[in-house]
Amino acid sequence: MSVIIISSDDHQTGQEIAAATARAMGYSELGRELLKEVAERHQIAEAKLVKALDDPPSFLGMSRKLRSLCLAYIQEAVLGRLVEDNVVCQGLAAHLYVCGVSHVLRVRVLSDPEKEAQKAPNQKGKPTEAGEKEILRQKKLRRRWSMAAFGLDETDPSLYDLVINLDQIDQSEAVDIIKDTVGYRRFFPMTYSVNCMQDLELAARVRASMLKRFSDVRVQARSGTLVVETAALKREKQKKAKAIREVAGEIPGVRYVEVHVINDIFRRAAESFR
Amino acid sequence: MAIITISRGSYSKGREVAEKVAEELGYECLSREVILDASDRYHIPELKMVKAIHDAPSLLERLGHARHAFLAYYQSALTRAVQTDNVVYHGLAGHVLLKGVPHVLKVRIIADLEDRVIDEMKREKSGEQEARSLILRDDQERRRWTQSLYGVDPWDSSLYDLVIHIHKFTVADAVDFICRAAFLEPFATTARSQQKIDDLALASHIKAVLVEIHPEVRVACEYGNVLVYTGSDHRTVHKLEDKARTLSRQVEGVNHIEVHPGVPASSISV
Numbered sequence: 060m061s062v063i064i065i066s067s068d069d070h071q072t073g074q075e076i077a078a079a080t081a082r083a084m085g086y087s088e089l090g091r092e093l094l095k096e097v098a099e100r101h102q103i104a105e106a107k108l109v110k111a112l113d114d115p116p117s118f119l120g121m122s123r124k125l126r127s128l129c130l131a132y133i134q135e136a137v138l139g140r141l142v143e144d145n146v147v148c149q150g151l152a153a154h155l156y157v158c159g160v161s162h163v164l165r166v167r168v169l170s171d172p173e174k175e176a177q178k179a180p181n182q183k184g185k186p187t188e189a190g191e192k193e194i195l196r197q198k199k200l201r202r203r204w205s206m207a208a209f210g211l212d213e214t215d216p217s218l219y220d221l222v223i224n225l226d227q228i229d230q231s232e233a234v235d236i237i238k239d240t241v242g243y244r245r246f247f248p249m250t251y252s253v254n255c256m257q258d259l260e261l262a263a264r265v266r267a268s269m270l271k272r273f274s275d276v277r278v279q280a281r282s283g284t285l286v287v288e289t290a291a292l293k294r295e296k297q298k299k300a301k302a303i304r305e306v307a308g309e310i311p312g313v314r315y316v317e318v319h320v321i322n323d324i325f326r327r328a329a330e331s332f333r
Numbered sequence: 267m268a269i270i271t272i273s274r275g276s277y278s279k280g281r282e283v284a285e286k287v288a289e290e291l292g293y294e295c296l297s298r299e300v301i302l303d304a305s306d307r308y309h310i311p312e313l314k315m316v317k318a319i320h321d322a323p324s325l326l327e328r329l330g331h332a333r334h335a336f337l338a339y340y341q342s343a344l345t346r347a348v349q350t351d352n353v354v355y356h357g358l359a360g361h362v363l364l365k366g367v368p369h370v371l372k373v374r375i376i377a378d379l380e381d382r383v384i385d386e387m388k389r390e391k392s393g394e395q396e397a398r399s400l401i402l403r404d405d406q407e408r409r410r411w412t413q414s415l416y417g418v419d420p421w422d423s424s425l426y427d428l429v430i431h432i433h434k435f436t437v438a439d440a441v442d443f444i445c446r447a448a449f450l451e452p453f454a455t456t457a458r459s460q461q462k463i464d465d466l467a468l469a470s471h472i473k474a475v476l477v478e479i480h481p482e483v484r485v486a487c488e489y490g491n492v493l494v495y496t497g498s499d500h501r502t503v504h505k506l507e508d509k510a511r512t513l514s515r516q517v518e519g520v521n522h523i524e525v526h527p528g529v530p531a532s533s534i535s536v
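Protein sequence lines correspond, in order, to chains A and B. With the working numbering applied, the first sequence covers 60 to 333. With the working numbering applied, the second sequence covers 267 to 536.
Bear in mind the hints are in silico, worked out from the structure with no lab data behind them. A portion of the hints provided could be inaccurate.
To be verified - Taking lysine to any residue pairs in the SDA-like style, the calculated list, with each CA pair at most 20 Å apart, reads:
| no. | chain 1 | residue 1 | chain 2 | residue 2 |
| --- | --- | --- | --- | --- |
| 1 | A | K199 | A | D171 |
| 2 | B | K434 | A | Y251 |
| 3 | A | K199 | B | S424 |
| 4 | B | K388 | B | R398 |
| 5 | B | K434 | A | E213 |
| 6 | A | K198 | B | S424 |
| 7 | A | K192 | B | D422 |
Every value quoted in this text rests on a predicted model; they were computed, and no experiment measured them.
Given these sequences and hints, build the entire structure.
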């Protein structure tokens, strides 16, 4: 009757824990196989979606606009599944955008450092200094990714309800801890928390549909009422707000749209030199 | 049967959790008692001890060595206090000072800043601004303290076995988690893990004695065989060797002590 989101510093560990937890609880599992569906729906290469989830920002890498678009499509699909409950979600960065919903348990699992170091190249059973440096480098890149994608540091423990370190605790014990935790009453869905999840889903759906045309929109939803924030020059304000209202108004579930246009001072400054 | 260390930001309900865990499990609860014990055994004024343990070192202090001695005393008192098992310790740096002992369950309790500010305002009957400044300053001090002395960030989750965020969870929930985790197999005391804590206690005690001769001495101990690592200054080495010979006769549990000058310390040394 709950949603469990598992984040890990090692993708394989996260997958294993998620699979074991889903099996133990009789929940469905939501992982990267969802990307195929997203790719088909939005006519975008699955590899790009994977890149958007994995690659940190770089000069020669994916553009910010494309990354935002890919992540918006992923968010829309994930939240569409999470409204159903009884799901264990892993590998889709849900811990970074599913916030404020009380029946969601967000868990971070830290892999056994020795096992992790062994995966680094040229390890022969023992972590070497080079292997450990590589792990630290990967962690730094991962932090950069989460800051660029969602403005949050995914290693910050305050993003989670629980952090479990597999250095001493083994995977089956971690699954038991998660299973016991989600049994607490506060992780049962309530009307309010279900509404919060539905609001997140609606906002994600609206944003995904608008992002190609309006690349700077921010959307919040509450019980069918949308607040859309965007930036525009003074002369375009009315036109842009009208266009956004038209697009958003056609999306199922939207009852009312309010558009807040912020004066785009940077564009104004840039254009004033022409 | 475990040793539980609970690390917390200031006003994060960590003390409350620790006391309730101890009550629930029938364990001893330690915090300030360790400081009192250390200041008694090593004849240091309590206030000085508290300052050394609590405050981040200033620039001058980082250049000096006094703090090394205080930390050695504190670690000796702490390891002695937890040696007998079934202890809940809440205080500074338990997760660092008891590193390498398998049956130590390291827990960190975190709480949202806004909740902590409200608690502080209620407790001290202060304004919001004042409460917030105090908490942020305290957090910074503790972070700087651990980083400057141990090179680790206390906010790094990988230092702990469990990190519990008190916001959806209540104190009672956190107590429940910790009590259940304490009975997990990795945290059961075994002969080997007891030996490790005994070795750590012995190494810490010997370091606390030798640190007066050389502040940067490192000590490792396995099954009562003690290795002392130090720089290669001959005068200090002689003094250390003399003291080591005395200690090997006086201290119970010591099989053998060797002094290794100019050799890099082993990873298990304190």
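Which hint numbers doesn't this structure obey?
none
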